[in-house]
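**Q** Chain by chain, the residues run as shown.
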Amino acid sequence: MLRSDNNRIDPKRRNVLDHRKKQFADPAYKESSYPHRLNFYAVPPTADITLEQFEQWAIDRLRILAELEACSFRNKSAQETAAHMKPLLEKYLPLDSNSSASSRLTAERQKDHYSHFILRLAFASTEDLRRRFTRVETMLFRLRLNDDIPRERNAFIQSLNLDWEPASEEERRSIASELAALSGFRKAGRDEEESWFKVDWERVPDLVEGRRVFLKAGKAYVPSREQTSMAVTEFTKRLERALELTARALPRLDEDDRLTPILDHLSKNFITPDASYNSSSSSVPGADISARNVDNLSQNFPLCMQNLHRLLRRDAHLKHVGRLQYTLFLKGIGLNLEECLVFWRASFNKITDDTFNKEYRYYVRHAYGDVGGDSIRRGGGYSPYSCQKILTEHPPGPGEAHGCPYRHFNVENLTALLQAVGITDQGVLRGVKEDKESQKFHMACNRVFEYVHKKEIKRVKDEGIMTSAQLETIVHPNEYFKRSYLLKNLGKDMTKSENVKMEG
Amino acid sequence: MAEPVALPTTTDCVNGEEKKEVKLEDLFGDVDSDDEFPSLRPKQQTPQSSSSDAPSSPTEIGPIGKASDPEVLRMFYQRLFPWRHLFQWLNHAPTPTNDFAHREFALTLRSDAYLRYRSFPTSDLLRKEILQLLPVRFEIGPVYTTNPRDRKQMKNSSAFKPLAKELCFDIDLTDYDDIRTCCDQANICIKCWSFMTMAIKVIDVALREDFGFKHIMWVYSGRRGAHAWVCDKKTRAMDDQKRRAIAGYLEVVRGGAQGGKKVNVRRPLHPHLSRSLDILAPHFQSDILSIQDPWALDDRSEHLLSLLPDSGLNASLRAKWNSSPGRASAQKWADIDALAKSGASKSLDAKALLEAKQDIVLEYTYPRLDIEVSKKLNHLLKSPFVVHPGTGRVCVPIDTRKLENFDPLAVPTVQQLLSEIDEWKGEEGKGMQDWEKTSLKPYVDYFRTFVLALMKDEKDPRVKRERDEDSMEF
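Listed in order, the protein sequences are those of chains D and W. First residue of the first sequence: 1, per the working numbering; consecutive thereafter. First residue of the second sequence: 1001, per the working numbering; consecutive thereafter.
Treat the hints as calculated values from the structure; they're not laboratory data. Any given hint could turn out to be false.
Chain W regions said to be covered by chain D (calculated; three or more residues, Cβ under 8 Å) [claimed, not checked]:
#, segment
1, 1237-1249
2, 1264-1274
3, 1315-1326
4, 1368-1382
5, 1444-1453
Here are the simulated BS3-like pairs of lysine-lysine, each with C-alpha atoms no more than 25 Å apart in a straight line [unchecked claim]:
#, chain 1, residue 1, chain 2, residue 2
6, W, 1242, D, 219
7, D, 216, W, 1234
8, D, 389, W, 1161
9, D, 216, W, 1375
10, W, 1234, D, 219
11, D, 319, W, 1261
12, D, 198, W, 1214
13, W, 1161, D, 237
Just so you know, even glycine gets a beta-carbon here, dropped at the ideal spot from N, CA and C.
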C-alpha cells in the first residue's frame, strides 16, 4: 500500500516475468507478523484495508498524538503523562503485551502499524510537520517502551540489531574508576555485573548532554540500563530519514483522489496549541495599550513579565534575552512598534539617544519584523514566547533576568518576589513552594492567578459569563494578561458592550 | 593585479553591480579550479604586490590614528592581515572549493551598517571587498548549500540551508562579574584573565580527550574574552542537536541572578567534572582565594554562607567573621573546615559539606560559557585577526602550550604594528611580508602551523589511495 522505497514497483502491477518461476518467488503480499508489542515501523504494511478503516485508524492515532503534545506543552512530568494517557491509549490505540494472552493482539498491532504509516503520509509534506510528527511519535514510543514488561522490552531491543559494540573486559578494567563514578548513583556493588556498550558519542547525544555516559576519544561508554534511551534515539533517527524519503515519494500519490483528501484533512487538524500565537485573539478591546500605560498594565502581567518590568525600572536596563522576551510579550498584548520603541527609549534612561539608536533600536524593530531577513519580515517578526519556550529554552545565565521565576528562581527569592508583588497569603505561598518542588511551574503560576482573581473568577462562574473552556490552565504569558485584564475590568467592559448593543 | 583596490567604488558594491561581477568571477572560478596553477598565481602575487608598495609607504603612515580610522584599517588589511592563511583555514585545500565560496561573511561597517550573506569565490575577492568597504570587523558564518548571494533566487527557501561550521565557544569575562573583584564590565586585567586561563584549560582538555577533537584554536577576542574554533571535519558537519549535546555536557554553572546556587551536579561526580576539579583546585587556592579575595566584603561572604548546607555551622562562622572584620577569603575558607572539625554544629553532615565546597570551587572557577554561540550551526562569530575597534588589539590566536604566559594587555595593537613596520631595519628578503617585520609574526606563524595541520588531515584519502595504487603498478 505505502511505499517508502522509490525503486520498488507496486507489487500489484509487478510483472512476474516467468510464470514457471512463480512458485519459487516470495509472495508479493506477506501477511505481517507482529512478534513484539512495539514496532520500529521499518516495513510498510502491504495488506488491504477499507477506506473507513484508513480514516478511522488515522484519526484515533492522531487523537493520541495531539494529547501527548498537549501534555508536553503543559509541562507534565513523565509519570503524569503516563497516567494521563493510560485511559486514552486503552480506548483509542490499545496495545497489549504478549503475556496478556489477549485474542486481539494481532488486530491491535496491525492498527498501530497501519495508522503510523497513514500519518507518515499525512505529515511528510513540510519540514515543520515532519519535525512535529517525529517529536510526538518519539514521545509515544518512549512512553510505550517505558511501560513495557522488562523481559519483552529486552527481547524487542535485541531484535533490533542495532550493532552496539560491547566494551571488552580489558577496556572496562582500564577505565574502571571512571565507569564506577557513573554507575555509582545506582546501588554499589552492581556495577561489576553491569555491561557497557561502546558507541560513537554522536549516536547518543541526549545521554552526552546529561553527562550520563563516560566519554573517551569520541566514544561513549553506555551502561546497559540506558539502552532504552539509545533505542529511542535510534527510533527518532530512522523515522526522520524515512519521513524524508516519504516526502520525496509523495508527489506520486497525487493520482489517487481517494486518499489525498483524507490525508490533507488529517494534517490540517493537527494544530499546535501554542505554535502560532494568534495576535488578533490576544488583543484586548478597549484597553489603552501605550508606552506610558505599561506601568499601569503591569499589574495584570504574569510574574515572569512583572519581574522583568520591575528590574527594568530598577536598573534602567535589561540583558538581551530578557529584552527579547519582554518585547515580544508587549507586542503580544498589542503594543505597536512605535509605542514599543518609545517605551524602551524611555526605560533605558541612563544612556544617550545615540547609544540607544545604535545598540537597541534594531533589535526591537527586528522583533516586530520591521527589519531583518526575508523570513523574519514576512512572518511579522517573532511570536511571543509561550510558557513552554520560556521554561525549556535558554535558561538564564549569570546576571540575566529572563525565564520563569517559578522555575529559575530559588525558593527564597521566589517567595520574596511574590511578597513584593503583594501575594502574602501563607497558603498560596506554601502551595507555590510545593508546586515548584514537584516541578509543576504551570500549576504555581495558575495558582497565583486564581488567588489574585479569586473574586472575579467566582463571579464569572456564577453568572456564566465565561465558560470553563475559557478558564482552563494558562500556558501562555499573553493569555495570562488577557484573562487577567478582562477579569479585572469586568464591569467596565460589560457596560461598554451593552452600550454598543443599545446603539446598534 | 597590481592595483585591484582602486577599481570599483563603494557605491557599486551596494547597488549590487558587484553581484554581476562576482558571478562572472564564479564562472571563471569554475574553470580555474580544474587547473591548479592559474588560481594559485594571484595568491602568490598578493603579498608581492603589497610588499612592493612598501618602500613608498613609510611617508604615508605618519601619525597613526584611532583603530577604527579608515586609513589605519586600510593599511592593516592591506599589509598585515594574513589573508592567505585565513583562506586556507576556511577552504581546507589550496585551490578554492565550495567550503570557501559558499561561506557566509558578515561585515560591520563604520556607519554601523551590518552586511550579511556576503560570500567570495576566492580569497582575493574577499580581500578586495574588505579593502573597499573597510569594515571595522567582520564575522564568519556557516557554509551553505548554495552561494549565500544567490539565496533569493532559490525556488523554495528551505533549499538554502547551513551545512557546516566550526564548533565555536565564547567565553566573556563580563559573565564573571558577580565573582571577580578586580574589574567589572568591559575592563580586564591580568588578575581576572586567570579566569580565562582556567576556562581554556578545562574546555580544551574535555574537547580533546572526551570528544577526540584535534584541531582546536583559541582566539583572543580583542578585549575581554576568548573564542574557540573546533575545526575537525566531522565537527564542522554536526547538526544543532549534537552541538547542543556538547554544550550541555560542558555547561555546569547555570541559573540567573536570582537562581541562588549556580552549581548543582550529580554525585558521584562525572569523570569530566572530577578531572575539571583537579585542574581547577590549585587555581582556586592561588587565583581565587588570595588574588581575587572574593569574600572580603560582608555581603559577598553572606553569599558564601548561603551556599553552605548547615545552618548551625553558618551561625558560628558568621559570628566569627563579624568579630574580625576584614578577614581574608583564604582564612574564611579555612575557617569552614576548622569550625566543622571543632564540632560547631551537631547536625553537621560531613559529606554534604564536602560536596558543597566542591560546588563552590566550581562556581568560582568553572568556565562560564556563552552557550548559545555553541548550540547553533548558523551562529556568526568574529574572525580571527580582526582588530577590536575599542582597544585596537588584534584578535590573535592563543598558543595553548604557552597558555599561562598569554597576557591580553601585551597583545599588539594595530597602531603599534604599523609603526613596527616603519621601524623595521632588517634585511628586506625576497617575498618578505610586512607582518614578518612585526610582533604579529609569532601569532601568524602559529595560525599557519595550525592551518597546515588541518589541511593535512583534510586531504581526500581517496585521492591518496589512487596515487598509491598507481605507484604500485609501475
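**Q** Next step is simple, just say for each hint if it's right about the structure.
**A** Hints, verified against the model:
Only residues whose beta carbon comes within less than 8 Å of a beta carbon in chain D count, and the segment 1237-1249 of chain W has 9; three or more means the coverage holds. Against chain D, the segment 1264-1274 of chain W contributes 9 residues with a C-beta closer than 8 Å to a partner C-beta. That satisfies the three-residue criterion, and the hint holds. Only residues whose C-beta sits within less than 8 Å of a C-beta in chain D count toward coverage, and the segment 1315-1326 of chain W has 0 of them, not enough to reach three; the restraint is violated. A stretch counts as covered by a chain when three or more of its residues have a beta carbon under 8 Å from one of that chain; for the segment 1368-1382 of chain W and chain D the count is 4, and the coverage holds.
Restraint check on the segment 1444-1453 of chain W versus chain D: 0 residues with Cβ-Cβ distances below 8 Å, three needed, restraint violated. In summary, the hint linking residue 1242(W) to residue 219(D) is supported, as the alpha carbons are separated by about 14 Å, within the 25 Å threshold. Between the alpha carbons of residue 216(D) and residue 1234(W) the distance comes to roughly 16 Å, so the proposed pair stays at or under 25 Å and holds. Restraint check for residue 389(D) and residue 1161(W): the C-alpha separation of about 24 Å stays at or below 25 Å, so the hint holds.
Restraint check for residue 216(D) and residue 1375(W): satisfied, since their Cα atoms lie roughly 21 Å apart, inside the 25 Å limit. Our distance criterion of 25 Å between C-alpha atoms is met by residue 1234(W) and residue 219(D), whose separation comes to about 14 Å. For the hint linking residue 319(D) to residue 1261(W), the alpha-carbon distance of about 21 Å falls within 25 Å, and the restraint holds. Restraint check for residue 198(D) and residue 1214(W): satisfied, since their Cα atoms lie roughly 21 Å apart, inside the 25 Å limit.
About 19 Å separates the Cα atoms of residue 1161(W) and residue 237(D), which keeps this hinted pair within 25 Å; it holds.
Consistency note: the structure conflicts with the earlier hints numbered 3 and 5.
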